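Protein chains in written order, with the working numbering: chain A, 1 to 369; chain B, 1 to 364; chain C, 1 to 299.
The set of hints was computed from the structure by calculation and includes no laboratory data. Model, not experiment: these values are computed from the prediction. The beta carbon of each residue, even a glycine, is placed where N, CA and C say it ideally should be. Incorrect hints may have been included.
Stated by the list, open to error - Label pairs and their in silico Cβ distance ranges:
1) A:G313 - C:L54: 35 to 45 angstroms
2) C:D191 - B:A322: 52 to 62 angstroms
3) C:I40 - A:L216: 32 to 42 angstroms
4) B:S42 - C:S35: 35 to 45 angstroms
5) A:L80 - C:T199: 37 to 47 angstroms
6) C:A50 - A:L113: 48 to 58 angstroms
7) A:L113 - C:A135: 15 to 25 angstroms
8) B:A158 - A:P284: 18 to 28 angstroms
9) C:D191 - B:T282: 32 to 42 angstroms
10) B:R275 - C:L32: 51 to 61 angstroms
11) C:I49 - A:P315: 35 to 45 angstroms
What the hints assert, rightly or not - A few chain A positions that, by computed beta-carbon distances, are all more than 12 angstroms from chain C:
12) H127
13) T139
14) D262
As the list claims (entries may be wrong) - Here are a few chain A residues that sit away from chain B, every Cβ distance over 10 angstroms (derived from the structure):
15) F72
16) E98
17) R103
18) E105
19) G117
20) H118
21) L120
22) T140
23) Q144
24) P147
25) E151
26) S207
27) E257
28) G313
29) P315
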Amino acid sequence: MGAGRVHEQVTVQESSNRSVPAAGSDAGAAAAAPGSGGPSASRASRVLRSSLLRLAGRRLLTAIPVVWGVTFLTFAVLNLLPGDAAQALLGADATPQEVAQLRVELHLNEPFLTRYGHWLGSAVTGHLGSSLGSGQLVTTILAQRLPVTFELIGYAFVISLVIAIPVATVAARRPGGVFDSVTTFITLIGLSIAPYILALLLILLFSVDLALFPALGWTPLSGGLGANLRSLTLPALSLGFPIGCFYTRLLRADVIEQLGEDYVVTAVAKGLPSWRVLVRHAVPNSMFGLITVVALNVGTLLGGTVIVEQIFGLPGVGQELFQAIQTRDFPVLEGIVAVFAVVVVVIGLLADLLYAVLDPRIRYDNPGQ
Amino acid sequence: MTAPTPALPAPAMAPAPTSVLEVRDLSVRYRPRGRVVHAVDSLSYSVPAGRTVAIIGESGSGKTASSRAIMGLLPRSAQVSGSAVLNGTELIGLGPKELRRHRGHDVAMIFQDPARSLNPTMRVGPQIAEAIRAHRPVGRAAARERVIELFRLVRLSAPEQRYSEYPHQFSGGMRQRVMIAMALSCSPRLLIADEATTALDVTTQAQIMRLLTGLQAQLGMAILMISHDLGLAASFADDVVVMYAGRAVERAPARELFGNVRMPYTSALLGAVPRLDRAAHTPLPVVGGRPPDLSAPPAGCPFAARCPRAAERCERERPELAEDEPGHAYACWYPLAGSAQAASEQPASAAAAAASASASEEER
Amino acid sequence: MTIPVNDALSVPGGLGAAGPAAAGAVRGRGRLRQSLSLWIPAGLLIVLIAACFLWPLVGNVPSPVGGSVLNSSLPIGSPGHLLGTDADGNDIFSRLLYGGRVSLEVGAATQLIGIALGGLIGMIAGFSRGLLAAALMRVLDVLIAFPSLVLALAIAEGLGPGELHVIWALSFYSVPAFARLARAGTLKLRDQNFMLAATLSGTRRWRIVLLHLAPNLLPQLLTFALLGAGVAIIQEGALSFLSLGVPPPGASWGNMIASGEQTMSVQPALVIIPCLALLITVATLNLLGDALRARWSAR
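With the hints as extra help, turn the sequences into a complete structure.
Structure representation (structure tokens):
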């Protein structure tokens, strides 16, 4: 969710879509428009590939410090917190000697920077250490738990889009109309519901009263896709519905804005049916705001999994994270946080690439605008 | 060669001057916050087949609103009344499905800013193909062929390549050609050009206008040209309608209008056109003051406050558009006689005061 | 649409970017609707605040703690206990009100700290050019890239339970969020004429910031504060739910939910009531924030 990325995305957005095409695109067009009948197709794709690569490269470069910063900050915060792993592991009854001995074993008495340095050194080679508590390799823990969390997030994301895109499209067609008013009200309430509240209410409704979905536990894919999805439905709904409402509001505003643009007038003047104008012209051009927001939201979504996994008893990374904080298990914590940061960055990169795919002006123009 | 392109019916080159478009008492009203704004008030004109009619006016005169009303492109809040008959079909009040059949097919429109009038994320070719396939059951390949043919018609170089390009890859003039190609895709009888060349530089403007007139001759299409540029109208229009404050104030064949101006407003517009035959550094005569507030139209002639010839009657009574000479209609109590330069026949009284008043409230 | 400054802060439970209600003009009927959409939530918020803070003072509300086990798990509508009692015999209605105090206090405090500190930092960052600004923003970027809940969890965990600690923990997110908002707003305003005029007339930097910049940023910051308060209240609830917030027997909507969860199948009311309270409060704040934003951006 890097704020730096926001600003860069803001500038990219300003020069790209957002209703007003840059006047300077004429110059770009003149430069890029292959006047002669040469093999412009391949030239275009060369331009495409190189500018995309440059974009990707730049994005990665700025991402590395952010990822590093996040891990460093985590380490610092964890270090500043009173108590440490040794204490947490042994509990309150431990004698000071026992605690001190465990500390030495776990290298907890070394200075902060040394420990961080060690961790960082091995982390970049892929060795994330072992849990201070269980001794399990962090990579093993991640391998076991990440898929659950990722599936949850993916499912929630799908739900949010399934809600947002159709509802926003239909609502934008007639702003102020019945459908729009009703859905506006619902979405405003909907996005005020915290995931954990929705989770509990859903459990009450579906598991307790109606017994349709399991309240606890996760069925892996090995138990069948149907069961697997059913075990994740309520959690995904808890996460996905509030976010879906938020996306709906955003998309609706953007579609309404696009509907006021000149090219929409042209499309109508051509004699196209209104659904086609909406779906084929207005909505695709409205996606850019949504893409930005989705990328920014990843971090929040990840944070939301902590509680949701707790409530539903899902063996995911969120739960592990919470425990790691409680036991000051910094290798696990760092590992998870590093993964989170990388995910956020990668999603941001994907978003930017998606921009380029969807908006040809970014592709062909000089990205140094 | 590949399969023949779909035969689109050639427009009939009718020698009889039947009207493609007949507009009678067209009015457009908006009601923002309880007031009533008369954007267009009882506008009437007709566009003969194959001819060019120019509607001239300054911003706010209602010229764009009137053309959009014909196409049904005004927002819902606009109340349109009156009649606009296109090829025998009444367009005002037509249901959306019916209107859609005519749009792009019998009457097409091109707009002022081609940069914004094309979908930036969609290739140009498909945008036009879409227009074709909305009206005719042609396949994708056939539509593509037709689009390329249209590109050739509007003199776009490398048409096959152009098909797959995006709008931003074209220059302003080229984009407008694309828009024209799109408008012509179903061979409409009437093309409405709403300030089509305003956003272009003068050279490109001339090119586009020549293209349009060429196409008009080729296809027998009528053109309704909306502009604020009197010079353009003079060069390219057959008939001219001058609008002010939502009403038509003068209407005549072009030659007649420019040779024999009657309405002082038109005369002032003409006077404001920069001319090469004046001495260098001659200040442009400016019409002082502003157009009236359309939500509170004055009782008398709307131009009275700014007219150097305004008299007491002008402020009291509104002149109607009347055809006092065959083919030349105007709405003025004290029309100019003879050439555009005539400033004689100043009616007495308030005229002098009005003249000095409007001269002193120079537009900023 | 305006530069997605608001978009940047997209948090579920908060509105972020949804834009003013329809690009449509405000016509007669719409005017009424716009007024209502502002004053109804505003009124509701005032009612909520009054209820939580004033009612216990004037009304006959039993204590939220120290209930007797004899009275435990009384249903809604029991005499003397409007909403019944929980497993420990504490009156639910009273816990609801006192819990509301906590939520509202946390919401207000975190946003105030955010505006004061974050706003200041953001304005400085936006106003000054060069390395200082860039470095500052990078640090804040990192803070924001962090899932806020995790950060809050860590801090709350470290500091121990308690309302004040929750406020500190949540401020770690609100300060950078406001800083980023303030900076973006400053960047937009910086080049406007009135700012240039002030500089040219020789006004000192700090005066410009305080007297010219701040008042113009304030509407946007306030709107965001309303939305942010909603987010903070939700997060406080989350923290209390995870036993990191107000410790029992103290009342907080979050820990009410947590304890209610245990007996959810038997006594759903214990969970539903605080959930509804949270939902209504946050929805009110969001509605109000949205209405204000619509009102102010229409200018």
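For a quick check of understanding: which of the numbered hints are violated here, in increasing order?
none
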